[in-house]
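Engineer: Residues per chain, in single letters:
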Amino acid sequence: MAPGGFFGRALLVDVGGREATGTPFELTERVLRSYLGGVGLGTWLLHRLAPPGVDPLAPAAPLAFVFSSLVGTPLTTSAKFAVVAKSPLTGLLTDALASSQFAISGKLTGHDALVIRGRADELSVLLIDGDGVRLEPAPDLAGLAAGEAETAAKSRFGRNWRTAAIGAAGERGVRYATISHDGRHAGRGGLGAVLGAKNIKAVLVRAATKVSVADQAGVLAAARDLRKRSFGPATAKYRELGTLANLLAFNAVSTLPTRNFTAATFEGAPQLAAEELHELRGVARNSCASCSIGCEHIYSRKGGGGQRMEYENVFALGPLCGVSDPDDVFAASARCDELGIDTISAGGTIAWAMECVERGLIDEPWLRFGDGKAVLRALDAIGTRSPGLGELLAQGSRRAAEAVGHGSIDFAPQVKGLELPGYEPRSLQSMALGLAVNARGADHNRSGAYEADLSGELDRFDGGAAHVAAAVGTEDRAAVMDSMILCKFLRGVFDDPFTEWARLLALVTGWPLDADELRGAARRIVRAKRAFNLREGATAADDTLPARMLETPLELGSGRSAVLDADRLRSMIAGYYAARGLDEEGRIAAADLEDLLLDA
Amino acid sequence: MGKPKAWLEWHGSTLLYRATAVLARTVGGPVVVVAAPGQELPPLPSGVTVVEDPVEGLGPMQGLAVGLAAVADRAETAFVCSTDLPFLHPAFVRCVLRGLASGPDVVLPVARGFRQPLAAGYRTALAGLVADLLAEGDLRPGMLFKHCEVAQLSDEQLLADTALARHDPMLESVVNVNTPEDYAAARDRPPPEIVVECFGALAKKGGHRPRGVRTATLGAAAASVGLTLDRHVVAALNGDQITRDELLPLVAGDVVSFLSADAGG
Chain A
12 MAPGGFFGRA
22 LLVDVGGREA
32 TGTPFELTER
42 VLRSYLGGVG
52 LGTWLLHRLA
62 PPGVDPLAPA
72 APLAFVFSSL
82 VGTPLTTSAK
92 FAVVAKSPLT
102 GLLTDALASS
112 QFAISGKLTG
122 HDALVIRGRA
132 DELSVLLIDG
142 DGVRLEPAPD
152 LAGLAAGEAE
162 TAAKSRFGRN
172 WRTAAIGAAG
182 ERGVRYATIS
192 HDGRHAGRGG
202 LGAVLGAKNI
212 KAVLVRAATK
222 VSVADQAGVL
232 AAARDLRKRS
242 FGPATAKYRE
252 LGTLANLLAF
262 NAVSTLPTRN
272 FTAATFEGAP
282 QLAAEELHEL
292 RGVARNSCAS
302 CSIGCEHIYS
312 RKGGGGQRME
322 YENVFALGPL
332 CGVSDPDDVF
342 AASARCDELG
352 IDTISAGGTI
362 AWAMECVERG
372 LIDEPWLRFG
382 DGKAVLRALD
392 AIGTRSPGLG
402 ELLAQGSRRA
412 AEAVGHGSID
422 FAPQVKGLEL
432 PGYEPRSLQS
442 MALGLAVNAR
452 GADHNRSGAY
462 EADLSGELDR
472 FDGGAAHVAA
482 AVGTEDRAAV
492 MDSMILCKFL
502 RGVFDDPFTE
512 WARLLALVTG
522 WPLDADELRG
532 AARRIVRAKR
542 AFNLREGATA
552 ADDTLPARML
562 ETPLELGSGR
572 SAVLDADRLR
582 SMIAGYYAAR
592 GLDEEGRIAA
602 ADLEDLLLDA
Chain P
3 MGKPKAWLEW
13 HGSTLLYRAT
23 AVLARTVGGP
33 VVVVAAPGQE
43 LPPLPSGVTV
53 VEDPVEGLGP
63 MQGLAVGLAA
73 VADRAETAFV
83 CSTDLPFLHP
93 AFVRCVLRGL
103 ASGPDVVLPV
113 ARGFRQPLAA
123 GYRTALAGLV
133 ADLLAEGDLR
143 PGMLFKHCEV
153 AQLSDEQLLA
163 DTALARHDPM
173 LESVVNVNTP
183 EDYAAARDRP
193 PPEIVVECFG
203 ALAKKGGHRP
213 RGVRTATLGA
223 AAASVGLTLD
233 RHVVAALNGD
243 QITRDELLPL
253 VAGDVVSFLS
263 ADAGG
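Taken in order, these protein sequences are the chains called A and P.
In the numbering used here, each number is its position in the first sequence, counted from 1, plus 11.
In the numbering used here, each number is its position in the second sequence, counted from 1, plus 2.
Worth flagging that the hints you see were computed from the coordinates, not collected in a lab.
Be aware that a few hints might be false.
[Claimed, not checked] Computed beta-carbon distance windows for the label pairs:
{"#": "1", "chain 1": "P", "residue 1": "Val197", "chain 2": "A", "residue 2": "Arg296", "range": "23 to 33 Å"}
{"#": "2", "chain 1": "A", "residue 1": "Thr510", "chain 2": "P", "residue 2": "Gly130", "range": "53 to 63 Å"}
{"#": "3", "chain 1": "A", "residue 1": "Thr510", "chain 2": "P", "residue 2": "Thr230", "range": "24 to 34 Å"}
Cβ coordinates follow ideal geometry from the N, Cα and C atoms, glycine included.
Could you build the full structure based on these sequences and the hints that come with them?
Structural biologist: Okay, structure coming up:
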C-alpha cells in the first residue's frame with residue numbers, strides 16, 4: 012500500500028503516430044521517501060527514463076509532470092507541480108514549478124507523475140483520466156496562445172478537464188518556450204519546446220479518484236494553522252504589492268540589472284515600481300489554486316484589459332532592456348504570455364542583442380536599448396522564429412553568442428545557457444555563487460541565496476565562507492520546498508523550517524520523518540541533479556558566471572565599486588564543493604552515488 | 003561633565019560608540035580603540051577591538067604609537083581620532099585618508115584655525131618612530147611632525163572635496179568636547195538631517211518617496227517612520243551596506259532605505 016498522499020506509481024505515456032499508450036511505473040516507498048515528490052522525484056525519474064545523451068527535442072526525451080504528497084490537501088499553496096525534462100536551452104536538467112488546478116486533477120488521475128515520451132504524427136492534445144490515455148488531433152489549435160488553446164480544449168472536451176498548453180513558440184521549438192495553465196507558467200528552461208517537439212499542443216487531465224492521507228484531522232489542523240500564518244508579516248510583501256515590490260528596493264541597493272548588466276540602478280525604475288503603479292493604475296489581486304497569499308497583481312493597461320506583472324518579467328523586459336514605459340513593459344509581458352515564452356530568457360536574450368547592435372555585431376539598427384516597441388518587434392521575431400534575428404534569438408543568448416562570436420559570449424547574461432534573473436551577482440555575492448553552481452543554470456528559485464545577501468548578516472560585496480554556507484542552506488531549503496511542494500513565498504512563516512516541514516509531511520504520509528532526514532533528502536536531491544548534469548557532460552567549467560561579472564567592476568549608487576573576480580568566485584565554488592561532499596572537479600563520490608538510488 | 007568622555011551620550015549613542023561606528027562604516031580595514039590601563043569602556047560596535055595602552059599618562063603620542071602598531075600588520079594607513087568628535091563625518095575621514103595616497107607620512111588638517119593631530123591620517127609604519135620619540139621624552143605630536151613628511155590640509159583644501167563641502171561645510175568634524183559647556187552645546191544641536199525611503203509593504207501611501215528626518219541612529223530613523231528593525235525589516239545605508247544595527251550612526255546626507263527582508267520572488 013502506498014504511503015499517505017501518494018499512489019505509488021507514475022504513468023508513462025508513450026505517444027506515437029495517432030495513438031498514446033499508458034504504462035504504470037512503480038514508485039517504491041523508498042524512492043518516494045528519499046525524493047519526496049515534485050522536483051526531487053522528477054529528477055530521479057529523469058535519471059531512470061532519459062536515455063543518456065538524448066537530444067531534449069527528440070521523441071525519446073521524457074517530459075515529466077510530477078506531483079507530491081501534499082497536492083490535494085487543504086495545506087495552503089500545495090496545489091503545485093513540477094515539470095521536469097532535459098532542457099533544450101541548457102542541455103542539462105531543468106525543472107519548473109507551477110500552481111493550478113492542473114496539479115490536483117493531474118494527481119487525481121491516480122498517479123504521482125505523468126511522463127510523456129514519443130512524438131505524435133500531427134499536432135494533438137493528450138488526454139489522461141481514470142479511463143486511461145488518448146490522443147486527439149488538434150490541428151485547429153496550431154498557433155493559438157496557450158490560454159486560447161485551453162479555452163478551445165475545454166469547449167471541445169468539457170469543463171472538468173484541466174489543461175496545460177503551449178503557445179506558438181513551443182510549437183516552433185523556441186528554446187525557452189513555456190508550458191502554461193490557468194494563466195500560470197512552467198517557465199524556465201524551454202519545457203514548452205519539449206512538449207512541442209512531441210507535437211502535443213496541450214495535456215488535459217481529469218480527476219478520477221481520491222487519495223488518502225495518514226492523519227486527516229492532523230492535516231486539517233495544520234492547514235488551518237498554516238493558513239493563519241500565511242496572513243502574517245512574512246508574506247505581507249507578496250499580498251500587498253506582489254513580487255514587483257522588489258524593483259524599487261533592488262534599485263535602491265544597486266542590484267537591479269540594467270541594460271544587459273552594465274549597471275545595477277535604472278533611472279526609469281520609479282515609473283515601473285509597484286509602489287507608483289498601485290497609485291496610478293487599477294490593480295486586481297488573484298491567487299493560485301489553494302493559496303491564501305494571493306501574490307498575483309494584475310494591473311490595468313492603457314486601452315483596456317489587464318496584465319499580471321511580476322518582478323522578473325518587469326526587470327527583464329524593462330530595465331534589462333532599458334525600457335521605462337510601463338505600458339511597453341505590460342505589452343511585452345502580454346506578448347510573452349501569448350507566444351508562450353519565458354520572460355527572463357526573452358528579456359536577457361534581447362538585451363544581449365541590443366548590446367550587440369550597439370557594438371556593431373548585429374546589423375539591426377532598430378533594436379536599441381530603451382525602445383519598448385523594438386522589444387515587442389523582437390519578441391514577435393522570436394515567437395515566429397523569423398529568418399535572421401528571430402531564428403538567432405530563439406536559441407537563447409548562449410547559442411546566439413556562439414553564432415555571432417566576437418567575444419559576445421562574455422556579455423551573454425547566462426549560466427549554463429539559462430539567462431540570469433534580476434539579481435546582480437556583483438552586489439549579491441552569496442547569490443553569485445548560487446547562480447554559478449545551480450544545476451538548472453542561472454536561477455533564483457532553486458538557489459535563493461540573495462536572502463542572505465539582503466539580510467544584513469553578511470557583507471554582500473565580499474563573498475567568502477559565510478556566503479558559501481548561505482548558498483548551501485538556501486539551496487537545501489529550496490530542494491525540500493520544491494519537492495514536498497510548498498510555495499517559497501511561505502518560507503518566511505516557518506521558524507524552524509526542516510522540523511516544521513517534517514511534521515507536515517509526517518501528517519500526510521505517515522512517515523516518522525524528522526528534520527535531519529529532510530536535510531538528507533535535500534542533499535540527495537541537489538546531488539541527484541548534479542549527477543544528471545554530469546552524466547550529460549557538464550563539468551566544473553560550467554559552474555561559473557559570465558566574464559562580464561568577473562572582469563568588470565560594478566559602479567554602485569554609493570560611489571563605491573562592487574568587484575567579484577574569478578579568484579573569489581573560484582574560492583567560493585571550492586567551498587561549495589567541499590560542503591556538498593564533491594571532489595575538486597565537482598564530481599560525486601561513488602559511495603554518495605549509491606545513496607541516490609539510481610538503480611532502485 | 004560627570005563621566006568620562008567615552009561614556010557621554012549624544013543622541014542615542016555614547017561618543018565612543020559613535021566615533022568608532024562612524025569609522026567602521028567608512029573605512030575598509032580594522033577599527034581599534036586604545037584604552038588606558040584598566041579603563042572601563044562603553045559597549046562598542048561589533049568588530050571593533052580594544053588594545054590597552056601599557057603606560058598611563060604619556061598623552062596622545064603614546065596612544066598613537068599603540069594604535070598604529072596594533073593595525074600595522076593589516077593596514078598601511080590609519081585615520082586617528084579622539085573619542086569626542088560627535089560631528090565626525092565620513093566625508094572628512096575619506097578626504098584625509100585620500101591625502102595619504104600621494105605619499106606623505108601624515109595628513110594633518112589645519113581646520114577651524116587649529117592643527118588637528120587627533121583627526122588626522124598617519125602611515126602605520128610610523129609606529130616605531132613614535133615609540134622612539136616617546137622613549138626620548140618627546141611627548142608632543144609636533145615633534146613627530148619634524149621627523150616625517152607632513153601634508154597639511156587647510157580649510158579651503160578640505161572643502162575642495164565636494165562631498166565634504168556638501169555635508170560638513172563648517173568642518174564640524176573636528177569639533178570636540180572638552181568642557182561641560184562644549185558638551186551642553188553639542189547636545190543642544192539637533193541630530194543630522196538624513197533622507198528616509200520605505201519600499202514594498204513598508205511603504206504606505208507614497209511612503210516610498212524620499213523624506214527628510216533628523217536622527218542620529220538607524221533605530222531612531224526606523225522609529226521615525228513607524229518601523230522596527232526585525233526579521234522582516236532591514237535597512238540599506240546609502241544603497242550600500244544592508245543592516246539591522248539600530249545603533250548604526252547616521253550623518254548628514256545619509257539616505258536610509260527600509261526594505262522588506264523577505265526579498266525575492
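Engineer: Going through the earlier hints one by one, which of them does the structure break, listed in rising order?
Structural biologist: none
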